[in-house]
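Take a look at the letters that make up each chain.
4 protein chains.
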Amino acid sequence: MEYYPGTGRNHLFVPGPSNIPEKVQQAMARNNEDHRSPAFPKFSKSLLEDVKQIFKSKISTSFIFPSTGTGAWEISLTNTLSPGDKILTFRSGQFGVLWIRMMQRLKLDVDVVDSEWGTGVDLGILKKKLDEDSDFAIKALCIIHNETSTGVTNDLAAIRGILDAYKHPALLLVDGISSIGALDFRMDEWKVDVAITGSQKALGLPTGLGIVCASPKAIEASKTSKSIRAYFDWADYLEFYKVGSYWPYTPSGQLLYGLRAALDLILEEGVDNVIKRHHRLGHATRLAVRAWGLQLCTKKEEWYSDTVTAVRVPSHINSGDVVRLAWKKYDLSLGVGLNEVAGKVFRIGHLGFINELQVLAALVGVEMTLRDVGYPVKLGSGVAAAAAYLQHSTPFIASRL
Amino acid sequence: MEYYPGTGRNHLFVPGPSNIPEKVQQAMARNNEDHRSPAFPKFSKSLLEDVKQIFKSKISTSFIFPSTGTGAWEISLTNTLSPGDKILTFRSGQFGVLWIRMMQRLKLDVDVVDSEWGTGVDLGILKKKLDEDSDFAIKALCIIHNETSTGVTNDLAAIRGILDAYKHPALLLVDGISSIGALDFRMDEWKVDVAITGSQKALGLPTGLGIVCASPKAIEASKTSKSIRAYFDWADYLEFYKVGSYWPYTPSGQLLYGLRAALDLILEEGVDNVIKRHHRLGHATRLAVRAWGLQLCTKKEEWYSDTVTAVRVPSHINSGDVVRLAWKKYDLSLGVGLNEVAGKVFRIGHLGFINELQVLAALVGVEMTLRDVGYPVKLGSGVAAAAAYLQHSTPFIASRL
Amino acid sequence: MEYYPGTGRNHLFVPGPSNIPEKVQQAMARNNEDHRSPAFPKFSKSLLEDVKQIFKSKISTSFIFPSTGTGAWEISLTNTLSPGDKILTFRSGQFGVLWIRMMQRLKLDVDVVDSEWGTGVDLGILKKKLDEDSDFAIKALCIIHNETSTGVTNDLAAIRGILDAYKHPALLLVDGISSIGALDFRMDEWKVDVAITGSQKALGLPTGLGIVCASPKAIEASKTSKSIRAYFDWADYLEFYKVGSYWPYTPSGQLLYGLRAALDLILEEGVDNVIKRHHRLGHATRLAVRAWGLQLCTKKEEWYSDTVTAVRVPSHINSGDVVRLAWKKYDLSLGVGLNEVAGKVFRIGHLGFINELQVLAALVGVEMTLRDVGYPVKLGSGVAAAAAYLQHSTPFIASRL
Amino acid sequence: MEYYPGTGRNHLFVPGPSNIPEKVQQAMARNNEDHRSPAFPKFSKSLLEDVKQIFKSKISTSFIFPSTGTGAWEISLTNTLSPGDKILTFRSGQFGVLWIRMMQRLKLDVDVVDSEWGTGVDLGILKKKLDEDSDFAIKALCIIHNETSTGVTNDLAAIRGILDAYKHPALLLVDGISSIGALDFRMDEWKVDVAITGSQKALGLPTGLGIVCASPKAIEASKTSKSIRAYFDWADYLEFYKVGSYWPYTPSGQLLYGLRAALDLILEEGVDNVIKRHHRLGHATRLAVRAWGLQLCTKKEEWYSDTVTAVRVPSHINSGDVVRLAWKKYDLSLGVGLNEVAGKVFRIGHLGFINELQVLAALVGVEMTLRDVGYPVKLGSGVAAAAAYLQHSTPFIASRL
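Protein chains in written order, with our numbering: chain A, 1 to 401; chain B, 1 to 401; chain C, 1 to 401; chain D, 1 to 401.
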């Protein structure tokens, strides 16, 4: 049997893949087509242009690879760096662990700053590292904008400010997989050199697209980068951009039409309204957690994430039980704790095309599940805290005014 | 513009049309086909057979008309009765009003028992009417099993018991539009002669099928019924059943495949489990209403409906405002109050393929909306009451044990 | 098992249901919604307005019933006529047979002019009948624009001309089920009083909508019509048009969105271009039939239908074998011969959203099947004749110029 | 505008992406889900197992990467080889050109045997190369089973025979992108070490999956391969196979469900019946080409491809005009000539879920287009030749017997 059906809707609150809107589903329900037909370049061009709006970038070049976020990590590294290049990065969550493992496999010389899971980039250490790097040996600074495993959002503006203060020429490579299209992201303003995201997060698509924006500086760097790359070489894309056929190999047609629909929805709502909505939903979720008397995995408010909330469970409870039971009884899909926080943390994803009542449903589900596993939360407590905030902050749906 | 989009899922809690499950959507996503091909009769036969399971009937004959519940009303009347025939029925809600209006247009001699909206069939009056009908002038007793406008479920077993006590030969025609497939319905045991439902209610399909089951007695009656009928004449269907091609005119192919998928889901869950689930969701909703300090439109517990809850608002509030605001702000679709209870009642539909968290989301939405319109409900109060009950009563999803 | 799968596409060439375009499929792939929401009236209004364009009518009122073409027949009759009213009509095909049977059931006084199957309305007889009707006893003239069982299109302009010449006040009721949206149809110019079509023909939708346009004269007539009607009473619709909520009972939402998409496609192509395309495809099909040395069921060129071609097989062949074998071997769905022409005729439907190569595929399939059943057609003969014509007459696809 | 619509179906006859069957479309029309739920491993396991049936392999290990065929090329090389490794390969078509370009980028030491486009692997040269390689310096032999740009199928059994005759230990890496699932492919029997395909070819899915089977010998080789790899490292997959969660990063859920449906269709038809069907359609196409008096790009019958036919046009005609005009006028999508044969060749893809009449439609379309561009083909000639063969060779559809 292919799946274990429940009745009604699955409540999908993992921090990606996220819920696919009906309009996106419709756009993808189409036969294959000849991507070499005269119709395809025009479509492709507008898509590559419009996707940059969620990066808030005008000067970068965008690429859409048939890949995932993991592939996009590789794209960001191999196109800009050479084996042996020194890079500085931070590790305090599972996606940091995995990206760094990739950097090492790619023979990059990674200087890893470890810190407690649930913390973000330590700006003091960053400064210290730059202090020590007066000869600019560091070729790239790699930052995960939003660490999905711990619910930590880093302050890119501050990081850019520090780099600027040091007049440091390092490339700024940013994993925006669980942020771009949901959190405030300003590629041009923050002088991010490579920013990446994946289709199954804020964009509400199936998995399968790795979306990459590269600054002119990153494009320039790629010309001398010696990392071996083939499938993931953006130079091939650039060549096909020049001749106007856009795709060096067969693109994922259906996903591109889905992306078109997703962008249309985002642009109709307004990128900044989308960001505000994510803040509302994130804040409401955190209010609920506080009402339950539980701690966030995230150590400080400055790092609170508006796309995912990682919740610590009391030590006598296994967070894996929470996730399993929520799925088995309420058809609620939560994120498990990964690696160091396995068993200690469960995660509520609240990104993509979702609204207030969807999130409130998840919060009620968590309340019930917590009681089921023996944590004596007061039913209604979290949802009431969240609803009180949302009732006041939620605007009317623009099209229905 | 064709619709006024919100972000994320619309929370559809009108008492029909109900939410379409993904499996049903998939089944309907198909090209047209030749309904005269050798493949179609076999499919049709199994469908006509299996649909009877939600009526709990083995001895009746089923019909699937390209129509709606309103059409099914007409089918039930014109196939069994003749102009001038005396029928007894009850009116205490909008669907009673409409069905009776149809009876009158069809030149039936309707004896209408009016009662307060929110009440069900007065069994005492029924007995009185039968007392007065010693010559069995009443040809049919027409009962709405579940009055969707007021949230009233009538006790068909008791009604049948009374008819039996009088040995009354009247046909028992039952509108099960918002009950069959969701509430306990026992066609054979209760000797219902014609029972009808529509595709967009418990079956979770789009509107477009009027589903009718007729007892042998009803089939017999149709042979002498003098009501004029053409499109809705089940005799044509019976003729095509005999020759094995099943459809006197083009059926709604996609809806039939959708019905197949919906029945498969229901039979997999188990008809009695479906009924229990509806009871859980109905009871939880009523607990929330009580916690809000509001009254049901339904006057007595014996009539409580497990598919729709009609909620009275305080007199200084217009229930239409509740419905409009819920839709405009939370993308929550509630049912308006109709006719006599317009402005006084809003309705929460909880039928079809929905689960606990979906209903709880609606309840939070109602709480927030009530506050928005000025009714000082305590946030979390209703949802907590509902959740407390659901947490204890909800079983694990069978396939996930 | 629900269907008997072949590999690849079924070649659907019955004269309805027709092929559903991808855009229409996408439009229908949506959850149910609240048809009482503030969004629905605006959508409904534009749909009711735009659908009149395929009728070429500005002055009529349109209705969209959850029903089929058969239901639309009933609507046209019961809304405008009273039992006992005299109507004149013609019978030379199966849909004539069925509509007349309905007229009789509805207690109308039908004067039927029979003629050989494959002929159209005998204008001489029509004149004779009108000659004999100097007191205007005839209340309605009922014409099937395109008789789907024999491939006969009647000349409505000529018929209107005759009525005008006699200054006859009879209502002109027209079955345009297999014509409107495909053949030239001019409701206002021809002063048609009620024109009907069904969703599964030229509109490329699933079965389930009966679409009706009524002239002001027909609307007027309905005010005094005494036919009993309930579900099919357009007065109820008119009442809801007035209050602006449009639907007296639950409409088929998905089909309405599909209709919107279908109309968009037709209006984008241009109604007159659609008509020209159907003429090209019909003419090409007839050229193939001639090349095969077979006869049309249609007796004279003046009646040739551009939506369906009924082909007579030689007497030693059973046309049912052609249809069965085409389906079993080539996944080609052809129309069977009905009633008087059962076994003698098979039908190629060529209406709706299809293009030249689709029809040519069907023609090759017919050639192969004819050989399979023992008729010695020269392979390639029909398709060559059709292709020779189509090569010269097919325009470039407008959007691809 | 996102696409340039024609009326009716696009006739998709590029050699991939191919037509998506309705059942596959339905299977993919689903929301995202949590790929870490307890339901996913069981589903994944059966899929990984069953996909091997189209490779005719029991002993290999399968991998499904979110990627394309180009990515699968990289997977096959980097997992088994180290920079500097000597590989032998053949180049006589565009996909040879591209794969070799990748090999060189990956720093492999490629010995390229060039031959005329339209020829296959020269077995004599292969022997000569092996003669010269008595010290087994060649680490891998890379073969494109079916060169999509020229319509050339290589004889893998013969190639394996030669390797065996020399007892040569080289890995046999095979690009089966446009063959596996359509042509006879026997991974175990032919001792293929890595075989790859893509989802958008014989499997009738959207682009987005690179499917790879690796022999035990290939898996062994990967343990010492020094090629840098990260996203494409199958060792990560093997690790997750071991722990039973199967996916080192987010898989393309919808495509996996589509793959399940595609495999179900193939297994229902029977792999060998699928292969026979492709042979029928390929042979029929070649008969048509011959009847038109045109030459294949493929030089000898032994290399004829049953998935794609590359047709040479007379020198005064530009094959690009054929492709453009077919698309603009008949909505027929053909493959263009690539690289050396640009302008000289157009291609008819006939792979995946298609049937006889679909291919015949394409053939008529080509005939018409050829006349349109000035080549005096006799209309009906090609299609008649193809139909004559197909009429005799096409079996009844198994489910419809």
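It is worth saying that the hints were derived from the structure and are not from the lab. Some hints here could point you the wrong way.
Same chains, same label: a pair holds when it works inside one copy or across any pair of copies.
[To be verified] Using 27 Å as the maximum straight-line C-alpha spacing, the simulated BS3-like pairs for lysine-lysine come out as follows:
1. K128 / K344
2. K226 / K191
3. K86 / K226
4. K128 / K42
5. K86 / K107
6. K128 / K45
7. K344 / K242
8. K23 / K299
9. K217 / K52
10. K300 / K45
11. K45 / K242
12. K299 / K223
13. K378 / K107
14. K378 / K58
15. K276 / K226
16. K23 / K128
17. K127 / K378
18. K107 / K128
19. K223 / K23
20. K129 / K86
* Structure-inconsistent hints, enumerated in ascending order -> Those not satisfied are hints 1, 4, 6, 8, 10, 12, 13, 14, 15, 16, 17, 19.
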